[in-house]
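Chemist: Residue-level listing of the chains:
2 protein chains.
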Amino acid sequence: MALGTKPTLAIVGATGAVGTVMIDIINGRGSVPWGEIRLIASPRSAGKKITVRGAENTVVALSPEAFDGVDIALFDVPDEVSAEWAPIAVERGAIAVDNSGAFRMDPEVPLVVPEVNAAQVHERPKGIIANPNCTTLSMMAALGALHHEFGLRELVVSSYQAASGAGQEGVDRLYAEVAAVAGKQVGVRGGDVAEALTAAGLPEETPFKAPLALNVVPWAGSRKDDGWTSEELKVRNESRKILGIPELKVSATCVRVPVVTTHSLAVHATFAQDVPVEQARRVFEAQPTVVLQDDPERMAFPTPAAVVGEEPTYVGRIRQALDFPNTLDFFVCGDNLRKGAALNTYEIAETLAG
Amino acid sequence: MALGTKPTLAIVGATGAVGTVMIDIINGRGSVPWGEIRLIASPRSAGKKITVRGAENTVVALSPEAFDGVDIALFDVPDEVSAEWAPIAVERGAIAVDNSGAFRMDPEVPLVVPEVNAAQVHERPKGIIANPNCTTLSMMAALGALHHEFGLRELVVSSYQAASGAGQEGVDRLYAEVAAVAGKQVGVRGGDVAEALTAAGLPEETPFKAPLALNVVPWAGSRKDDGWTSEELKVRNESRKILGIPELKVSATCVRVPVVTTHSLAVHATFAQDVPVEQARRVFEAQPTVVLQDDPERMAFPTPAAVVGEEPTYVGRIRQALDFPNTLDFFVCGDNLRKGAALNTYEIAETLAG
Numbered sequence: 001m002a003l004g005t006k007p008t009l010a011i012v013g014a015t016g017a018v019g020t021v022m023i024d025i026i027n028g029r030g031s032v033p034w035g036e037i038r039l040i041a042s043p044r045s046a047g048k049k050i051t052v053r054g055a056e057n058t059v060v061a062l063s064p065e066a067f068d069g070v071d072i073a074l075f076d077v078p079d080e081v082s083a084e085w086a087p088i089a090v091e092r093g094a095i096a097v098d099n100s101g102a103f104r105m106d107p108e109v110p111l112v113v114p115e116v117n118a119a120q121v122h123e124r125p126k127g128i129i130a131n132p133n134c135t136t137l138s139m140m141a142a143l144g145a146l147h148h149e150f151g152l153r154e155l156v157v158s159s160y161q162a163a164s165g166a167g168q169e170g171v172d173r174l175y176a177e178v179a180a181v182a183g184k185q186v187g188v189r190g191g192d193v194a195e196a197l198t199a200a201g202l203p204e205e206t207p208f209k210a211p212l213a214l215n216v217v218p219w220a221g222s223r224k225d226d227g228w229t230s231e232e233l234k235v236r237n238e239s240r241k242i243l244g245i246p247e248l249k250v251s252a253t254c255v256r257v258p259v260v261t262t263h264s265l266a267v268h269a270t271f272a273q274d275v276p277v278e279q280a281r282r283v284f285e286a287q288p289t290v291v292l293q294d295d296p297e298r299m300a301f302p303t304p305a306a307v308v309g310e311e312p313t314y315v316g317r318i319r320q321a322l323d324f325p326n327t328l329d330f331f332v333c334g335d336n337l338r339k340g341a342a343l344n345t346y347e348i349a350e351t352l353a354g
Numbered sequence: 001m002a003l004g005t006k007p008t009l010a011i012v013g014a015t016g017a018v019g020t021v022m023i024d025i026i027n028g029r030g031s032v033p034w035g036e037i038r039l040i041a042s043p044r045s046a047g048k049k050i051t052v053r054g055a056e057n058t059v060v061a062l063s064p065e066a067f068d069g070v071d072i073a074l075f076d077v078p079d080e081v082s083a084e085w086a087p088i089a090v091e092r093g094a095i096a097v098d099n100s101g102a103f104r105m106d107p108e109v110p111l112v113v114p115e116v117n118a119a120q121v122h123e124r125p126k127g128i129i130a131n132p133n134c135t136t137l138s139m140m141a142a143l144g145a146l147h148h149e150f151g152l153r154e155l156v157v158s159s160y161q162a163a164s165g166a167g168q169e170g171v172d173r174l175y176a177e178v179a180a181v182a183g184k185q186v187g188v189r190g191g192d193v194a195e196a197l198t199a200a201g202l203p204e205e206t207p208f209k210a211p212l213a214l215n216v217v218p219w220a221g222s223r224k225d226d227g228w229t230s231e232e233l234k235v236r237n238e239s240r241k242i243l244g245i246p247e248l249k250v251s252a253t254c255v256r257v258p259v260v261t262t263h264s265l266a267v268h269a270t271f272a273q274d275v276p277v278e279q280a281r282r283v284f285e286a287q288p289t290v291v292l293q294d295d296p297e298r299m300a301f302p303t304p305a306a307v308v309g310e311e312p313t314y315v316g317r318i319r320q321a322l323d324f325p326n327t328l329d330f331f332v333c334g335d336n337l338r339k340g341a342a343l344n345t346y347e348i349a350e351t352l353a354g
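Quick mapping for you: the protein sequence lines, in order, are chains Z and E. Just so you know, we're using the UniProt record's numbering here: the first sequence kicks off at 1 and counts up by one. Just so you know, we're using the UniProt record's numbering here: the second sequence kicks off at 1 and counts up by one.
These are calculated hints, taken from the structure and not from any lab test. Each hint should be verified, as a subset may be incorrect.
[What the hints assert, rightly or not] Quick list of in silico lysine-lysine cross-link-like pairs, DSS-like style, CA-CA up to 30 Å: (1) K184/Z - K249/E; (2) K224/E - K126/E; (3) K48/Z - K184/E; (4) K184/Z - K49/E; (5) K184/E - K184/Z; (6) K48/E - K249/Z; (7) K49/Z - K184/E; (8) K249/Z - K209/Z; (9) K184/Z - K224/E.
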């Protein structure tokens with residue numbers, strides 16, 4: 001399907017955490033290929049007015065008719081809402097680009113990171129294109145570039161995941177916990193973090209299963225077979241699909257850390273051939289969506305707090321493994337709400353618009 | 001050398017962060033084999049009174065004579081102090097057990113974790129026994145037990161290291177940073193963590209090279225060749241020496257996290273044979289200094305904040321790697337001031353005393 005010269009773009013979930021970043025990205029673009037930009041949300045948010053590229057835009061309620069005339073519909077909603085409504089958008093003539101987990105592993109739905117597999121946007125038997133999970137996405141621009149040159153074979157990954165991966169609820173909880181422990185001698189013998197949260201009146205129920213302030217939590221997502229979490233299996237299965245390496249060996253450990261925004265990953269990647277650090281650097285420097293921040297002499301390396309709000313993926317601490325042949329160790333930081341979610345979804349739409 | 005029935009124990013650096021934990025451990029023991037316990041510190045701290053097992057004990061100044069009559073001297077001081085004074089203690093007749101980095105890789109100094117290689121305390125040509133780095137130590141009780149059963153071959157490790165690994169200065173800095181960001185919408189676009197620290201008047205100079213509150217910092221220790229840090233090389237070299245596997249393959253990425261006490265490690269360990277999860281559990285359950293906390297159904301797993309002040313190493317999230325043969329992934333938490341420092345040093349002394 002060829003899109004018209006001024007296609008209509010819809011944002012479903014326009015008032016949510018990722019939808020808000022999406023509008024922020026659209027407002028920050030020098031130019032956009034869109035004619036109408038239609039904001040869609042739950043009936044509760046319908047009627048709300050949001051400024052998009054200087055013009056006031058009124059949010060409309062999610063309904064089949066809301067997709068009439070839409071060329072591309074971006075879905076930033078929970079899995080079950082996408083599962084129901086993306087096919088409806090397609091029936092009404094739109095291409096659905098979905099940021100939920102509902103369709104990612106469907107063999108008839110491409111899973112796209114434009115730097116890695118842009119051409120797959122055109123192979124969409126169901127009319128749906130999926131956007132990867134934010135943890136996987138945080139390393140894909142960097143890994144895709146290396147894979148293209150050197151042939152990726154194995155991946156051992158540990159994550160340092162931000163609270164905003166659990167939505168606004170996660171951010172609010174982390175802020176509340178930090179406020180509750182501030183000024184207290186906790187995290188030491190005789191100063192229990194969990195007790196400080198209870199004393200401050202915080203509800204025991206938390207999106208993180210354990211205190212997150214002054215702590216790390218080795219659990220993200222839901223429970224899967226054999227001790228794995230859904231997040232860890234997504235890193236494995238989505239990496240394989242995006243990179244087109246069905247036999248890629250992957251082990252991931254996903255850990256939540258008290259960071260508000262930006263996921264980080266410690267990556268141990270083995271290739272089909274030797275990868276000298278200088279060659280890896282050249283590959284990263286040639287990739288426009290990757291920023292190399294790696295100067296041990298000046299102690300320059302990326303940290304998540306410094307990458308917040310940035311579009312590129314930051315890469316540093318690049319080392320050739322001392323004992324593992326053909327293997328690089330490096331550290332990568334990517335804003336999980338931007339490249340990890342809204343930005344990549346929007347880039348898929350830009351790719352479709354040509 | 002056989003020790004007398006009531007050997008004299010000296011603690012050098014008795015007023016420091018680790019020395020204080022050492023006295024806390026001694027005070028918490030049901031019984032101790034020592035006759036005199038002598039507290040030694042810099043002349044600045046001499047004369048200070050500290051209660052040890054119910055009796056007031058006066059700190060004496062570091063001098064050659066301070067070691068007269070001492071059977072075992074525990075050193076919790078910086079590298080350069082140990083390098084100078086441990087040999088003096090030996091000259092005066094003591095066995096020196098050193099918690100600094102000064103002697104760890106000396107081939108004539110055993111590097112001891114009592115659960116793993118206790119017998120080596122008796123092979124000490126220089127009269128010195130070294131205590132490992134806290135990051136390495138955090139996983140040694142668990143890894144040593146697995147190695148004994150299954151034969152360790154390869155190790156890929158990512159750390160989540162606490163601020164107290166950088167001493168009291170590190171703890172104070174983290175508390176100050178947490179207080180500076182509390183109640184502020186930072187770590188999001190338009191809310192910079194570094195600016196919040198500056199606005200709160202915190203000095204730019206920090207032991208962590210970058211903000212640690214609401215951040216993680218992929219740098220610990222000093223710069224070594226080819227992009228590696230001293231901490232990462234310690235994990236490699238000390239693991240090889242303690243486990244007695246000179247050819248062990250190791251890649252470590254050391255990352256500081258905003259946790260006060262207790263180091264955590266995500267471990268990807270490959271063995272000479274298949275290790276079913278149930279067999280790994282049995283090995284951990286049989287190791288008295290390891291606590292198994294691993295029940296995915298109840299979302300039970302260790303976190304550093306919950307392990308503070310505990311003597312054992314906590315292990316959870318045990319999974320058989322899906323794509324790597326003979327490989328386990330697991331998560332381990334150990335109090336870096338206890339097992340990671342004072343406790344292991346003290347256990348070496350207990351081993352010497354029989």
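Chemist: Does each hint fit the structure? Answer for all of them.
Modeler: Hint-by-hint comparison with the structure:
The straight-line distance between the Cα atoms of K184/Z and K249/E is roughly 42 Å, outside the 30 Å bound, and the hint therefore fails. With a C-alpha separation of about 27 Å, the suggested pairing of K224/E with K126/E holds against the 30 Å cut-off. About 27 Å separates the Cα atoms of K48/Z and K184/E, which keeps this hinted pair within 30 Å; it holds. Between K184/Z and K49/E the alpha-carbon distance is near 27 Å, which keeps this suggested pair within the 30 Å criterion.
Distance restraint check for K184/E and K184/Z: the Cα-Cα separation of roughly 17 Å lies within the 30 Å cut-off, and the hinted pair is therefore satisfied. For the proposed pair K48/E and K249/Z, the alpha carbon gap of about 58 Å is over 30 Å, so the pair is violated. Of the pairs offered as hints, the one joining K49/Z and K184/E holds, with about 27 Å between alpha carbons and a cut-off of 30 Å not exceeded. The hinted pair formed by K249/Z and K209/Z meets the criterion: a straight-line CA distance of about 29 Å does not exceed 30 Å.
Under the criterion of a C-alpha separation no larger than 30 Å, the hint pairing K184/Z with K224/E is inconsistent with the structure, at around 36 Å.
Going through the hint list in order, the structure does not satisfy hints 1, 6, 9.
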